[in-house]
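If you want the building blocks of each chain, they are given just below.
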Amino acid sequence: MNRLSAEDSLWNGQTLRALINGTTDAIYVKDLCGRYTLFNAVASQVTGRAVQDVLGKDDTFLFSADEAKAVMEADRRVMTEGVTKTFEETITTAHGEVRHYLSTKGPLFSEKGEMIGLFGITRDITERKWMEASLKKVNERLVMAQESARAGVWDWDILTGKVEWSPQMYELFGLDPRKVSPTFSAWKAALHPDDAAQADLRIEEALKNKQMLSSEYRVVFSSGQIRWIYATGHGYYDDKGLPIRMLGICQDITQKKIAEEKLRENEALLTNIIDSTPSSIFAFDCNHRFVLINQAMADFYEMPKDQVLGKTLHDVFPREVADRLYAANQKIIENGESLLIEEDVPNKRMGIVRTMMTVKFPLKDARGKVIGLGGVATDITERKRLESKLLEAKEVAEAASRSRATFLDIAAHELRTPVTAISLLLQAVRRRIEKGHAVDISVLTRLYEPVDRLARLVVDLLDISRLERGLIDLQWSPTDVVALASNCFSEFQLQAPLRQMSFKGPSEAVRVELDPVRINQVLSNLLDNAIRYTPGDTPIELYLEQRPDSVRFSVVDHGPGIPREQLGSLFQAFSRGKSEATIRSSGLGLGLSVCRGIVELHGGTIGVSSEVGQGSTFYFDLPIRRASV
Amino acid sequence: MNKSILLVEDDQNISFAISLLLQEEGYSVYQAENGIAALDHLKKHGTPHLILLDMIMPGMDGWQFAKEFTKLYDSQVPILVMSAAGDVEQRAKDIGANGWIGKPFALDDLLAQIRKHELS
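Top line first, the protein sequences correspond to chains B and F.
If you're matching positions, the first sequence starts at 1 in our numbering and goes up one per residue.
If you're matching positions, the second sequence starts at 1 in our numbering and goes up one per residue.
Okay, chain F solo, but in the shape it has when bound (with noise of 0.2 Å):
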């Protein structure tokens, strides 16, 4: 079975570029547009192998869902941050999140992060 990865990001494109790539690799992506959708897939689907979140989104950012997630979920889901902002690696810190990447970034940088961390 594959592997299965909870993208949240705000940017259609980015989002839709990520998935078709790593569903190349054979993971099971499932997109939300922000922390909200997030949330709600996770109730609905349960917790992936590894969540990879953007951090500014409208609605529910990143921050956030981080804090409910923690909250609501006491699991062991690692969360990738990918973030444009230039203190990425602060922002992962401020979450608790296991690895961080900033963006923009090479497929291959990605999925090195993606398979460091990811639940097996």
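So here's chain B without its partners, still in its complex pose (with noise of 0.2 Å):
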């Protein structure tokens, strides 16, 4: 009883007054009709009515005919159903604004059990309610990042290594959540093996160093299908800056990845193919700054391309050759117009000059803006040089045409020569016979000298022929150039008694490889053109002397001597020149010509030294060896 008294002092006394008065939230009692008996401050002030003059009111005194409606709605059902309820209602403030309240009412019993009216404690949530409103918003747009993103979201607590991880953390990873709880380990343990040890030290190296987390790596899913993955995290830190906990997401960057890598490739194949071009690739911007440029150019100006990149035309070329072509690639950024040019290039380390073929262009962003100006130069030097040849060639070929032609003219003057001495001694002899006339023998005599000539001429020309084509063949045989010498001269003497001629020549036999019969024709051509082509009352000297591993046979005659400008031609058949002066001295050419030909087959040399006035001085050389063939 004593309790029972105590409890009820407390229900009715000072306690529970203070209690109803003192709370934040609004308390009232209403009878079986919804009379209010109890209003508490906290109602009185939100609803802007004293205590005394709700008292005894009902709803309607306090609200619009709307909410009041609802509110004893609510009253109702409590009271019919007689079990406690929470609603949520909204109402007009005195001070007219709309607020969102929790209420809690329930039956209000008497002692008798008989149902007396009900109470309410009505709680003010509109805070609450925009605060969830809010979060609602928040979440949403999170979901919405996280999904448009493909990324999951994963949260680790350091110190009980919990982690959580958002649905799409198992999507990524390619993870079913029904299998596999988030865990440290489980996350690792989906990682390309190659990465994981990597993966794991950039979260350590970031929680170490306060970092924002950034990380990309590959995972593997069951089916060997491999994903990359990029994660960023944040860390958070105890007072003692201890990590405790680390939030963050990873993204599915597989497809940037594949397009960074066809890029690479795509790069990679384009610098293969510039590189391997032997042609020299260079870009600038419009700064005159290499931007580019390929192994060959490297190569070519033996410069590193790193120590080229980035620097201007005057840094990497003498100042002249920078002015130069600074001048020439502002021209193209200013015009927007591509050039050719041939220009020769110093290479300053090589000490060549090359002659290159660069073709120039600007180089023009995606709105036509000239960004810089590229170039591919092209050695020519090459090309260039046996474009000469073949021009040098054909202007030998086409000399040699008109040679021939001038070789036909002479070989036709020089057989007409003793063919008009034999017609005209052949017509004399006839004129005398014809009118009874005596003829004298020594009219006949002298054709023996046009026909000799004729015959020796036709040789001349079968012989420059068959030397042309290569179809002499030397009898060799080891002989003694001391007699050879000696022999061909007293043939000479017999021949030409009253002229002056000497010889000189070693005393004993010196033996010679060579085809004996040759270069008697040889040394006979030499001393008929001596005894021939000069004044029948000058000397003529035959002189044989043994060198070291040659012989020398010179023919000396004190003639009128052959003009400089003669001489250089005079053993060539086939190219006298046009010169009338050469054409003139011919009768000496045909044989000469021969004479080369079959020196030169004997490995020797043949040459003329000569001084107008002075006379002419031929000579040839043979090796005394045979040279190996």
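Hint data in this document are derived by calculation from the structure and do not stem from the laboratory.
All C-beta atoms, glycine included, are put in the ideal place defined by N, C-alpha and C.
Be aware that one or more of the hints could be misleading.
Listed next, the stretches of chain F that the computed footprint assigns to chain B, with coverage defined by at least 3 CB atoms under 8 Å from CB atoms of chain B [claimed, not checked]:
#1 18 to 26
#2 75 to 86
#3 103 to 113
A short list of chain F residues far from chain B (calculated; beta carbon distances all over 12 Å) [unchecked claim]:
#4 Gln-12
#5 His-41
#6 His-45
#7 Gly-46
#8 Leu-72
#9 Glu-118
Calculated lysine to any residue pairs in the SDA-like style (CA-CA distance at most 20 Å, straight line) [what the hints assert, rightly or not]:
#10 B/Lys-210 <-> B/Gly-161
#11 B/Lys-384 <-> B/Val-353
#12 B/Lys-210 <-> B/Thr-232
#13 B/Lys-69 <-> B/Thr-80
#14 F/Lys-93 <-> B/His-413
#15 B/Lys-435 <-> F/Gly-26
#16 B/Lys-257 <-> B/Leu-191
#17 B/Lys-435 <-> F/Asp-108
#18 B/Lys-85 <-> B/Met-115
#19 B/Lys-188 <-> B/Ile-249
#20 B/Lys-162 <-> B/Thr-80
#21 B/Lys-384 <-> B/Ile-352
#22 B/Lys-435 <-> F/Leu-20
#23 B/Lys-435 <-> F/Glu-25
#24 B/Lys-435 <-> F/His-41
#25 B/Lys-256 <-> B/Thr-358
#26 F/Lys-3 <-> F/Asp-108
#27 B/Lys-85 <-> B/Thr-104
#28 B/Lys-435 <-> F/Ala-106
#29 B/Lys-394 <-> B/Glu-382
#30 F/Lys-67 <-> F/His-41
Taking the hints as your guide, dock the two standalone chains into a single complex.
Given below as structure tokens:
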């Protein structure tokens, strides 16, 4: 009883009143008719009505018709069902403010158990509602962001080791949420074995350095499929700076990685092509700085690529070269037009000049604005050389063709002269016979000389033709050249007994490997020329000298000599030149070219020295030992 | 009196045969083996009625001789060029000769040329 009365005193006493008026909730009691029998201070504040005014009134006194109807309907339900219920109510306050309330209402019973009314406790939840709505929006946005970024969110409690994953995490890592629970080791197990250690290290470093985590790694699905993941994360630290939590997201960047890889491959392919071409390729930006050079160009200038990139022309080339190139390049950048140039480029280091064919063109961005210039330079030195060689060969061929025509003119002239002599001598003889005059035998004897000459000419022409075609075979035999020269000399002495002639040679025999018939032909030809083309009262000398490895035959005359300009072409059957002067001196020509051919077949050389007014020396050298073939 | 012909020709056989033939036709023929000998003859014996000139000769050739002759003798003496070259006509024109004959030739053709051009 004592306890009961104590309880009664608590409920009816000062304490209860203090509780009711001290709370921040509105508290009220209504009778069965909905009339207020208790109305606390907070309720008075919210409604803006004094407690005395409200007591005995119902909700229509406090609220608008609609609000009152809703409140009374809730009250009715509580009393009908006889249980405590919680409602959300919207009420316009005395200040005209619409606020949200959470009301808990329950039936009140008398000591006899009869329902006598209801009580209500109403709390203002406007702020909470607003917070909830905001949170919902934030959450919606987060989901939206995660879904559109295909991002998974992870939250790692470092102290407990507990990890939370958003549903996308499972998808990203190819894990089944029914089989795998989110742990650090489950994450690590999903990684590509080559990347796991590195990914782990990244997290460790980010936490240690209190930096944002930024890490890329591969994930291997159970199907074997490999995906690329980009993970970012942020660490949280306690008062002592020790990491306690890390929150982050993961994103699938496989497509980006594939695109990057493709780009890298394309770039590598392009670089490979650019570096494999033998042409120099380069590009400048608008400030005349190198932005690209290929291997061929680096090789040409012997400059490592990385030492050139970013440099200007003036950093790389000598001033005058750089000035010239700068001006040309500036023009292209300004005009936006391509240019094809052929120029000699000195290579300072190699010390050589190469001819380069360079095409330079403006580089434009997508909108057509010039952003620099590019160029391809091809070394055409070799091509130029071949071109000029070809031109030279063509000229030689044309000259040969011309000189062949000249040769035929000369040959015809040479043949006509003895033919004329024979013809005229025969005409003279015929006339004398016709007139009944005696014919002196000396007239007929004169026929021998032109006939001989004609015969020799025919032999010379044949020899020239055969030498030209390489058809002459030498009959090699060891021969005493002293005897050969001496015999040849004696024959000419017999033919021209009145001519003053001398021979000087070694007293001992000198054996030389040669074709004696051919060498005799050469020597005879030189002696014959000396006799024929110099005045009869001038002496002729034949010398034979033995030298260490060779012998020299020299035929010296004291005739008019040969002008310097004719000496060069004297031994050339087919290139006697166009000069009238050379043709005038014909008669020497055919035989000498035969001589040259024969001497050269022996591995020897033939030559002449002459002074106008002093005479000429024709000589030829033969090696003593036959050159091994 | 016989008409005189100066024969400038280096080939002794040709020179001999022409002389023989022309002498039988009643000409006085003087032989010179080149331009030098020919100028020498002119200096000693004066100008002939006609000059027969070969072109290619050692010592002094036909071109040089013609130049010297024109320079030294402002004369009307006709020159006939004899040549074995293919362009004998051009050579004759070069030196302002009166006529030409290509080697080899028949005596009758030579005589016709001489008679056409010789001084009377």
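Hint check:
Counting residues of the segment 18 to 26 of chain F whose CB lies closer than 8 Å to any CB of chain B gives 4, which reaches the minimum of 3, so the coverage claim holds. Note: the segment 75 to 86 of chain F has 3 residues with beta-carbon separation from chain B under 8 Å; the three-residue rule is met and the coverage holds. For the segment 103 to 113 of chain F, the stated coverage by chain B is satisfied: 5 residues place a CB nearer than 8 Å to a CB of that chain, which reaches the threshold of 3. With a minimum CB-CB distance of about 8 Å to chain B, F/Gln-12 fails to clear the 12 Å threshold, and the non-interface call is violated.
Against chain B, the non-interface label of F/His-41 holds: every CB pair exceeds 12 Å, the least being about 17 Å. Remark: the non-interface label on F/His-45 is consistent with the geometry, its nearest Cβ contact in chain B lying 22 Å away (cut-off 12 Å). Every beta carbon of chain B lies more than 12 Å from that of F/Gly-46, the smallest distance being close to 26 Å; the non-interface claim holds. Every CB of chain B lies more than 12 Å from the CB of F/Leu-72, the least distance being 22 Å, so the non-interface label holds.
With a least CB separation of 19 Å from chain B, F/Glu-118 remains clear of the 12 Å interface cut-off, as annotated. For a cut-off of 20 Å, the pair hint linking B/Lys-210 to B/Gly-161 stands: about 19 Å separates their Cα positions. For the suggested pair B/Lys-384 and B/Val-353, the alpha carbons sit about 13 Å apart, so the restraint of at most 20 Å is met. A threshold of 20 Å between alpha carbons decides the hint, and for B/Lys-210 with B/Thr-232 the separation of about 13 Å falls inside it, so the pair holds.
Simply put, B/Lys-69 and B/Thr-80 have alpha-carbon atoms about 16 Å apart, close enough for the 20 Å limit, and the pair holds. For the given pair, F/Lys-93 sits about 19 Å from B/His-413 by alpha-carbon distance, which is consistent with the 20 Å threshold. The hinted pair formed by B/Lys-435 and F/Gly-26 meets the criterion: a straight-line CA distance of about 14 Å does not exceed 20 Å. This hinted pair checks out: B/Lys-257 and B/Leu-191 have alpha carbons roughly 16 Å apart, not beyond 20 Å.
A threshold of 20 Å between alpha carbons decides the hint, and for B/Lys-435 with F/Asp-108 the separation of about 16 Å falls inside it, so the pair holds. Taking the CA atoms of B/Lys-85 and B/Met-115, the gap is near 16 Å; set against the 20 Å cutoff, the hint holds. As the CA atoms of B/Lys-188 and B/Ile-249 are separated by approximately 15 Å, the hinted pair is consistent with the 20 Å bound. Annotation: proposed proximity of B/Lys-162 to B/Thr-80 is violated, straight-line Cα distance about 50 Å (limit 20 Å).
For a cut-off of 20 Å, the pair hint linking B/Lys-384 to B/Ile-352 stands: about 15 Å separates their Cα positions. For the hint pairing B/Lys-435 with F/Leu-20, the CA-to-CA distance comes to about 13 Å; that is within 20 Å, so the pair holds. For the proposed pair B/Lys-435 and F/Glu-25, the alpha carbon gap of about 12 Å is at most 20 Å, so the pair holds. Between B/Lys-435 and F/His-41, the direct Cα distance comes to roughly 32 Å. Violation of the 20 Å bound is thereby established for this hinted pair.
For the hint linking B/Lys-256 to B/Thr-358, the alpha-carbon distance of about 39 Å lies beyond 20 Å, and the restraint is violated. Note on F/Lys-3 and F/Asp-108: the hinted pairing holds, with a Cα-Cα distance of about 17 Å set against a maximum of 20 Å. For the proposed pair B/Lys-85 and B/Thr-104, the alpha carbon gap of about 6 Å is at most 20 Å, so the pair holds. The hinted pair formed by B/Lys-435 and F/Ala-106 meets the criterion: a straight-line CA distance of about 18 Å does not exceed 20 Å.
Pair hint B/Lys-394 plus B/Glu-382 holds up; C-alpha atoms about 18 Å apart against a cutoff of 20 Å. For the proposed pair F/Lys-67 and F/His-41, the alpha carbon gap of about 16 Å is at most 20 Å, so the pair holds.
The structure does not agree with the numbered hints 4, 20, 24, 25 stated previously, though it agrees with the rest.
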